[in-house]
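Peer 1: Chains E and F supply the protein sequences, listed in that same order.
Residues 206 to 488 in my numbering are what the first sequence spells out, letter by letter.
Residues 28 to 290 in my numbering are what the second sequence spells out, letter by letter.
No wet-lab data here; the hints were simulated from the structure.
Please read all numbers here as calculations on a predicted model, not as lab measurements.
The beta carbon of each residue, even a glycine, is placed where N, CA and C say it ideally should be.
Be aware that a few hints might be false.
[As the list claims (entries may be wrong)] For lysine to any residue, the following SDA-like pairs were computed, each having C-alpha atoms within a straight-line distance of at most 25 Å:
(1) F:K67 - E:Y356
(2) F:K67 - E:T372
(3) E:K383 - F:C272
(4) F:K67 - E:T262
(5) F:K67 - E:D373
(6) E:K306 - F:D278
(7) E:K383 - F:D265
(8) E:K383 - F:A132
(9) E:K383 - F:D278
(10) F:K67 - E:G265
(11) E:K383 - F:P282
(12) E:K383 - F:I73
(13) F:K67 - E:P260
(14) F:K67 - E:D258
(15) F:K67 - E:K383
(16) F:K67 - E:D354
(17) E:K383 - F:Q75
(18) E:K383 - F:D263
(19) F:K67 - E:V266
(20) F:K67 - E:F359
(21) E:K383 - F:E269
(22) E:K306 - F:I284
(23) E:K383 - F:R264
(24) E:K383 - F:S90
(25) F:K67 - E:Q270
(26) F:K67 - E:I369
(27) E:K383 - F:G280
(28) F:K67 - E:G355
[Claimed, not checked] Only part of the chain E face toward chain F is listed, based on derived beta-carbon distances under 8 Å:
(29) C333
(30) A334
(31) V351
(32) Q352
(33) Y356
(34) H365
(35) A381
(36) I382
(37) W385
(38) H386
(39) E477
(40) R478
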Amino acid sequence: MGSIPSHSLRALVATCLVAPVPSHAQEVVDPAACPFESSPFHVCALERAKTFDPPRTADGVPDFQGYWRGQSNGAAYDFEPSPGGFAVPASTGVVVDPSDKRIPYQPEALARRNELRTQGFLDPQAHCAPSGAPRKNFTNFGWRIVQPDGYVLFVYESMHDYRIIPTDGRSHLPEAIKLWHPDAVGRWEGDTLVVDYANMNGRNWLDMSGNFQSEHSRVVERYTMIDANTIHFEATVEDPTLYTRPWTLAIAFTRNTEANFYQLEYACHEGERDLQHIGAAAP
Amino acid sequence: MTNARPARLVTAVIAMTVISISIASAQPGAYEPPRLRDGKPDLQGIWQVRNTANWDLEHHAGSYGIPAGLGVVIDPADGAIPYQPWAAERQQQNFNERETEDPVAKCYIAGVPRTMYVPHPLQIFQTPAEVVILSEYVHTTRWIPLTTLPRYEGYESWIGDSRGRWDGDTLVIETVGFNGQTWLDHSGNFHSSALRVVERLTRTEPDVISYEATLEDPNVFTRPWTIRMPLYLHRDRDRLLENECYLYAEDAGRPIIGQHPEP
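Extracted from the complex, chain F is given alone in its bound form (with noise of 0.2 Å):
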């Protein structure tokens, strides 16, 4: 797809060579999605899963606090994580642990990609220089820099250090950098400080991007993995509210303190 970039200057000028081109270098018949001034693909909007990929990412039956779902792993086949041996046993003990040890469920950052997916809304927006995706979930920040910034040797965040740039009409984000302390869902998958995640947007339809990620981790799984699911467009709001969660638990009456939320 890289070999698409020079012809999509030509393209900016010329619009109807902007669609033989993009036809041309993408599946027949593909989505030709609305532009931005500089001609890249408009991926703004408020968008939203409607998967339970929050809950599992694998396919699973419902069980205490996770509805059933299909699972969301395109690569390996067969839907399953590829975990070293003693992962797939931390991830079970994790399971076990879910209702006080995920992350998400005591308000923590989700990470990434599971701020992609966690049941609450994200506003994607985009300029020539950089793309912003900000979520309702306790105030997420993704700030994604469409340039070769050099990263800070040896950060670590709890929402990763992200690049991006755009291939062909697909805005591909590589994030590193992560502290290892967050799930990628609320059934104990997880990951160490060592993950790479490279996530693709691909806007597939007018209501639809098409979300993957592939996951690499050395320290935690046998080799790299990748999910997919759509993305859909809200139409039924112009703006994102908030979800002030670990207030909202004070409210309640039960604020979350340190690794021990209190029952």
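Excised from the complex, chain E in its bound form (with noise of 0.2 Å):
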């Protein structure tokens, strides 16, 4: 028997985590390791991803399996840099694409955003929506990569959720079909997981900071391992209806060793009670 770890201390481990302290995070990793800030870690990664050759599942793609956490430099609050407030930890951004780490917003799109910044309940995430691509992935406490044949499953800790990622070739969804987990299509480029998705419902957050997307919102997703135990994520962003032009974040991914570790539940609907606080207003 494993005792059961306190979820309010792990999520205080996992705010820990996300806070961007340079210092912190380089004493709990490999010295030669790529830096976590987002624009070193980017440029470090796609060097290192050239001559890394990554452990193969039984079908030859590289195996991704196991538990891994996001460290976002406090992207979970903000994708853009920012000082950060009452609890609220600082972002260091986690844009790399421009290189200014702002998210080229249309004039319009940008006075939307500083009105929902404003507004933090009308997050969806505040509502126990699914996040979203490319959300889901800067939402705290971790998730397990599972492989099946022609799969690549995500099994997030957080609501409970999941992204199932086809790498067989389909095609996407009827446009017709709007929801609020989009349709993910993956394919493996090289050693690379690419997923593309579609069919979004535009009502997700892209971060509590009112950062958002819009119905025509297409993201591009790329995953590779770079060392056993760091994963390069990026993810472009392209919408023209909100953006001046395609984005690009990247952060890393790095693995829980833990033994015996498996996820707890985190149930967030349930027993909800946030609601008549808040204001039930649909998201």
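Please dock the two separately framed chains into a single complex, following the hints provided.
Peer 2: Right, here's the structure in full:
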């Protein structure tokens, strides 16, 4: 029998892990590893990826299976660099293109973002909505990657959510179907898993700071293992109705190697009582 | 059936032996399922029941919000859940309050075994080390390691803490660690946190998994009892969509708040 980890303790640890405290982050990793801050990580990881030969599954694709956590530098709160505030950690930002680390909003969309930023109760995640792509990879707590033949599954601790990514070359759902969980279609490009998302309902936010998507958004995620315990995660977001050009973010996933670890249940809606305080307007 | 396991190692090499052994160890003329690389039966696909178990596990005529249906309890033979007297009364009270108090009416996680027979498709995935069952219903995740991973002592949850193993060609899933807040159906059949569920999944035809679950709960029942039903393979869809029940309730202006959904 193992002992039950205290969920509140784990929440605290998770908060510490996503908090951008570079000295702390550097203490827990191999000094030869890429730094976790997004811009230098992105450059370093793309270089490492050229030479690393990943472990492989029985059908020959890179084996990502196991427990992972995103080193997301406070980006769960804000994708852009931010000083933080009350109960909100600072963010070093995860946008690696454009180089100013800002999401290239069109003026009207930027105004909307700034308005949403003051209305955190509208954040769909506060209503236990699935977080969509790429946001799900920025939720606190970790996830398990499972690779049955022809699929890559992400089984998240957060809100018992999941992603099913088929890699059999199928096409997207008919456009009329709009989902909270965008339709994922994957493929392997060399040793990189590439996932294309469509059929978004456009109601998801990207973070807790009002950065947002629309139903016209398309997201392409790329996952590449750069050493046995690190995945380079990159996502390019495109939406001609919101942004002046496509933009890209990147973070590291690090492997959880704790013996006999398994994920606890994170039920969100069950017994939910926040709605009566934050307002139950549909997000 | 456990003595078939060493034989299976040999049979992975010699295909003809596979057939003769599985016939010898199962029912005469038993269906030979498709197999994975490791020789285990392939249960993967999108499955769903076609019965009324979600509304009532016992034999029942129709009533408000409940379609009539044959029961799925195969033991005891009379098809009735063997409640202790106090629990039978509690079930009747649950039945009367089902419209508001059924956890699934509140879009809560359906628990085990109900996740397997809510009226939504689920997809089964397998690797040699684990089984993952994902349901459309409120994106429910069941993760079932096929190992003896030690359990977290005292851990309780809505979906329970599962461990799986193969018994011949049957996937056996043993689940404990429930929080006692889920119901077994819309009619208020229920259990406590002491529930122990042993499920048995056997692919008996190309499009059928025979699904069986034995429920044991000394706080609520007088003895263990068993349900059985077919899960049918979907041939009209290649992926799950989603059922974000509580968000739909918000959209409809009927947000589900705390324990008391608004009328």
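Peer 1: All hints are to be evaluated individually against the structure, with a verdict given for each.
Peer 2: Cross-check of the supplied hints:
1. F:K67 - E:Y356: Distance ~18 Å between K67 (chain F) and Y356 (chain E) Cα, so the pair holds.
2. F:K67 - E:T372: Judged against 25 Å, a Cα distance of about 22 Å means the pair holds.
3. E:K383 - F:C272: holds (15 Å)
4. F:K67 - E:T262: Holds, because 17 Å separates the two Cα atoms, which is no more than 25 Å.
5. F:K67 - E:D373: With Cα atoms ~22 Å apart, K67 (chain F) and D373 (chain E) stay inside 25 Å; holds.
6. E:K306 - F:D278: violated (35 Å)
7. E:K383 - F:D265: Measuring from Cα to Cα gives roughly 17 Å; hence the hint holds.
8. E:K383 - F:A132: Judged against 25 Å, a Cα distance of about 24 Å means the pair holds.
9. E:K383 - F:D278: Since the Cα atoms of K383 (chain E) and D278 (chain F) sit roughly 15 Å apart, the hinted pair holds (cutoff 25 Å).
10. F:K67 - E:G265: OK: K67 (chain F) and G265 (chain E) at ~20 Å, within 25 Å.
11. E:K383 - F:P282: Given pair K383 (chain E), P282 (chain F) holds - Cα atoms ~21 Å apart, limit 25 Å.
12. E:K383 - F:I73: holds (21 Å)
13. F:K67 - E:P260: Holds - the C-alpha atoms of P260 (chain E) and K67 (chain F) are around 23 Å apart, at most 25 Å.
14. F:K67 - E:D258: violated (30 Å)
15. F:K67 - E:K383: Between K67 (chain F) and K383 (chain E) the Cα gap is close to 37 Å, so the pair fails against 25 Å, i.e. violated.
16. F:K67 - E:D354: Within the cut-off at roughly 14 Å; holds.
17. E:K383 - F:Q75: OK: K383 (chain E) and Q75 (chain F) at ~23 Å, within 25 Å.
18. E:K383 - F:D263: With a Cα-Cα distance of about 19 Å, the restraint between K383 (chain E) and D263 (chain F) holds, given a limit of 25 Å.
19. F:K67 - E:V266: Status holds; Cα separation ~21 Å.
20. F:K67 - E:F359: Holds. K67 (chain F) to F359 (chain E) sits at ~23 Å (cutoff 25 Å).
21. E:K383 - F:E269: Holds, because 10 Å separates the two Cα atoms, which is no more than 25 Å.
22. E:K306 - F:I284: violated (39 Å)
23. E:K383 - F:R264: With Cα atoms ~17 Å apart, K383 (chain E) and R264 (chain F) stay inside 25 Å; holds.
24. E:K383 - F:S90: violated (35 Å)
25. F:K67 - E:Q270: holds (20 Å)
26. F:K67 - E:I369: Given that 25 Å is the threshold and the Cα spacing comes to 22 Å, the pair holds.
27. E:K383 - F:G280: Status holds; Cα separation ~20 Å.
28. F:K67 - E:G355: holds (17 Å)
29. C333: holds (7 Å)
30. A334: holds (6 Å)
31. V351: holds (6 Å)
32. Q352: Holds. Min distance 7 Å.
33. Y356: holds (6 Å)
34. H365: holds (5 Å)
35. A381: violated (12 Å)
36. I382: I382 (chain E) check passes; min Cβ-Cβ to chain F is 7 Å, inside 8 Å.
37. W385: At about 5 Å, which falls below the 8 Å cut-off, the nearest Cβ of chain F leaves the hint on W385 (chain E) intact, so it holds.
38. H386: Holds. Min distance 5 Å.
39. E477: Cβ of E477 (chain E) sits 7 Å from chain F, so the hint holds.
40. R478: holds (4 Å)
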